[in-house]
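*Asks:* Given the coordinates of chain A, assemble chains B and C onto it according to the supplied hints.
Line by line, the protein sequences give chains A, B and C.
In terms of the working numbering, the numbers along the first sequence are unbroken and rise by one, the last being 123.
In terms of the working numbering, the numbers along the second sequence are unbroken and rise by one, the last being 586.
In terms of the working numbering, the numbers along the third sequence are unbroken and rise by one, the last being 633.
You may find that some hints are simply not true.
Stated by the list, open to error - Within a straight-line C-alpha distance of at most 16 Å, the following computed EDC-like cross-link-like pairs (lysine to aspartate or glutamate) qualify:
#1 A:Lys38 with A:Asp114
#2 A:Lys38 with A:Asp116
#3 B:Lys450 with B:Glu528
#4 A:Lys33 with A:Asp114
#5 A:Lys122 with C:Asp614
#6 A:Lys108 with B:Asp230
#7 A:Lys117 with C:Asp560
#8 A:Lys120 with B:Asp374
#9 A:Lys109 with B:Asp230
Worth flagging that the hints you see were computed from the coordinates, not collected in a lab.
Bear in mind that the values here come from a model prediction, so they are computed numbers and not experimental data.
In case you want the letters, here they are:
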Amino acid sequence: MTTELLLKLPYFTVVVLTLLGLAAMIFKRNLIKILMGLSLMESAVNLFLVATGYRTGGVAPIFTNAPSPHMTLPTVQALTLTSIVIGVATSAMMLSFAMVIYKKYGTVDADKVKKLKG
Amino acid sequence: MMDTFVMRHLPALLIAVPLFAAFLMPLVGSLGPKVRSAWVFLGALATAAVGLALAGKVLATGTVLYVFGAAIPQQTLPPDAAFPIRIMFQVDALSALMVVIASLSSLGIAIYSLAAESKQSGLETFYAMLFLLIAGVLGMVATGDLFNFFVFLEISSLAGAALVAYRVDDGVAVEAGLKYALLSTVGALAVLTAIGILFAQYNALNLASLANRLQFTALDQVALVLLVVPLAMKCGAVPMHFWTPDTYATAPSSVTAFLVVSSQASLYGLFRILFTLYGHLVQFSWATFGWFLIVLGVLSMFVGVTMAIPQKDVKRLMAYHAVSQTGYMLLGVGVGLAVLGDADALAQYGKTAMAGGLFHVINHAMYKGLLFLTAGAVFYRAGTRNLNKLGGLGHDMPWTMVFFMIGALAIAGVPPFNGFASKLLIYESVFRFSPFLSIVAMLVSILTLASFVKVFHAMFLGPRRAEFAAVREVPAPMLAGMALLAVFVVVAGLAPQPFVDHLIVPAVDAVIDRAGYVAAILGGR
Amino acid sequence: MDFFQTLQTGAGAWNPLLWLLALAVALGVALAIRSRGRKDFREGDGRKPFISGNEEPENAGGHVPASNLYWGFLESLKGYYARLVPLHTGVPTDYVVWLLGVMALMLVVALVV
Chain A
6 MTTELLLKLP YFTVVVLTLL GLAAMIFKRN LIKILMGLSL MESAVNLFLV
56 ATGYRTGGVA PIFTNAPSPH MTLPTVQALT LTSIVIGVAT SAMMLSFAMV
106 IYKKYGTVDA DKVKKLKG
Chain B
62 MMDTFVMRHL PALLIAVPLF AAFLMPLVGS LGPKVRSAWV FLGALATAAV
112 GLALAGKVLA TGTVLYVFGA AIPQQTLPPD AAFPIRIMFQ VDALSALMVV
162 IASLSSLGIA IYSLAAESKQ SGLETFYAML FLLIAGVLGM VATGDLFNFF
212 VFLEISSLAG AALVAYRVDD GVAVEAGLKY ALLSTVGALA VLTAIGILFA
262 QYNALNLASL ANRLQFTALD QVALVLLVVP LAMKCGAVPM HFWTPDTYAT
312 APSSVTAFLV VSSQASLYGL FRILFTLYGH LVQFSWATFG WFLIVLGVLS
362 MFVGVTMAIP QKDVKRLMAY HAVSQTGYML LGVGVGLAVL GDADALAQYG
412 KTAMAGGLFH VINHAMYKGL LFLTAGAVFY RAGTRNLNKL GGLGHDMPWT
462 MVFFMIGALA IAGVPPFNGF ASKLLIYESV FRFSPFLSIV AMLVSILTLA
512 SFVKVFHAMF LGPRRAEFAA VREVPAPMLA GMALLAVFVV VAGLAPQPFV
562 DHLIVPAVDA VIDRAGYVAA ILGGR
Chain C
521 MDFFQTLQTG AGAWNPLLWL LALAVALGVA LAIRSRGRKD FREGDGRKPF
571 ISGNEEPENA GGHVPASNLY WGFLESLKGY YARLVPLHTG VPTDYVVWLL
621 GVMALMLVVA LVV
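With the rest of the complex left out, here is chain A (with noise of 0.2 Å):
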């Protein structure tokens, strides 16, 4: 029971992680806070999809010659790599949104960074 609880933990930290960067990502005001969060978001998005692949028993998948044939799926960290470089595409991106727009407004608030509304 104890070893099924174990084999779920990635799926719990992905809850929590997820949890955590919501929190951060509405209730703080400070837009780096906010983009922190959407970061921990990504992480945990990221360990749902490796968590997905791993398979009881098997071995890593990197053999030519596999000492068994039951391996861990290849294909989910492909798309986890995939997934990290969008994440730092888009944080590298954002982060410099965040720079200039402390430069033009004086304050990276993001209830004060609001010229566009109604």
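*Replies:* For chains B and C alone, coordinates are given in the frame of chain A:
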């Protein structure tokens, strides 16, 4: 001619040509502005040519399949396995419709932007991002692989956000870009989670093989919601539309016109998932998701147009109208989805409703693009987007005024322009589904006409104003870009039935025919 | 003519050629009425058309600003706008909350219904 290298590899060229243009843009741009403009024009022309050739091939000979990295590009199943293993593009008639929209639109706005952005700096980055956005949109609509769809969705979101924030000197553009990027990323994370859930259950990423293996477990329902709601947000459906006016108002006008096409590519993704991936499942309740689309559609129509009327910024007003017109498309296709199980109703009015919705997609891209380009032309000469400060420009900008009139009459659904043709299809078929919805649609049309009369009066009518004494007509490339879109608006309005017969009805049949989509990949070589 | 086909909607039809003919007839009627005016009036010869007999304001002063154009409509829908416009706050996290709210609502609807 039909079997040359180009024709055999058309789907790959669809992505390769704009990417090639994008990545060589900084190098070519360093040779001088005229070389850069020529490169942009050539790139847009080549992309449009490839897109239209591909669409022609699909409409003439059926679904085009292309496997990336295989020895024979059409061989979808590897010789020793029964499931597809590579990334594939599957261009059926619905994808062909979207490719036509993206090609025509990108050509028009590329020509327009040659003159409109000529006074800005950093144009190599601008055009590189623009071609990346074009490549992203074309990839989104042509792909047959779910994760590939996610990648192209992210490409177009990031390139779009960078383009929105292009005018860094005004802080407002960067603020809008940040909002767009934030919402797009959150939505894309939900889409990625859904893809993870589906892959974990069925071990397939290819749309056709997923559609074949899908049962409707509770996890699949979660995945469906996680896929559908962010894509609806990316099209600008109420109540997730708040980013649309901010983004469309502050982006450069050529970018806004293409962001409209990008939203419609997300609409394509929505239809692809609802009809092809999940459609025809016995337990799947078409009525639930059909009514979801209908409710979103009606809300978008009404909230969009009522928020547009008090606006003072002309592009913000037009952005709310984009939200409203997306409601028409959602309404038409939603009615089609709601009656998908009832073969009698489907034949009577379901297919016509879907034809109206899909026809409205291409019409909207053309006349909304035209309207945004005219607003950009006015901004280029007058320097302001505030309707209270503009006035009397009709004396000095007659061609812009004519193009604006064509666009405004088209969006209001006045004959003989193309908006009337698609709206007539929607009114008549939705009326037989539920008269109340049709009446709301007509009311929204009237309010649309009202707000565009307001814009026309504020921008073009009235006496000349002192501060606009130096205003002249816009340069020729801008007029050429607008004319390209206006010609389509007029022609599709005067001859709607050929368009419906040859472009729209195949698309409707393709989107309803899920078995055909699956069989194209799994059933043969 | 094969170019001007009728648009079939399943419940009705619309033919662009007939519409253009109707438009031509309407324009013809309008031109006929217009041609019954005074033939000795040339534009810009100093005489102003008689509208009310009062002094007209200067040309540039007669343009109604855009925000005042639909005052009656906006005034009568004031309650609706007073509730709708403040929802568009401009804060990006509120936008994310709306997206998540709709997602939660749809999850409940899809799993329960």
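*Asks:* Are the hints correct? Go through all of them and say.
*Replies:* Here is what the structure says about each hint:
1. A:Lys38 with A:Asp114: Within the cut-off at roughly 10 Å; holds.
2. A:Lys38 with A:Asp116: holds (13 Å)
3. B:Lys450 with B:Glu528: It holds: about 9 Å lies between the C-alpha atoms, which stays within 16 Å.
4. A:Lys33 with A:Asp114: At roughly 9 Å apart (the allowed maximum being 16 Å), Asp114 (chain A) and Lys33 (chain A) satisfy the hint.
5. A:Lys122 with C:Asp614: holds (12 Å)
6. A:Lys108 with B:Asp230: Roughly 10 Å between the alpha carbons, so the hint for Lys108 (chain A) and Asp230 (chain B) holds.
7. A:Lys117 with C:Asp560: violated (65 Å)
8. A:Lys120 with B:Asp374: Given pair Lys120 (chain A), Asp374 (chain B) holds - Cα atoms ~13 Å apart, limit 16 Å.
9. A:Lys109 with B:Asp230: Measuring from Cα to Cα gives roughly 8 Å; hence the hint holds.
The structure fails to meet hint 7 from the earlier list, while all remaining hints are met.
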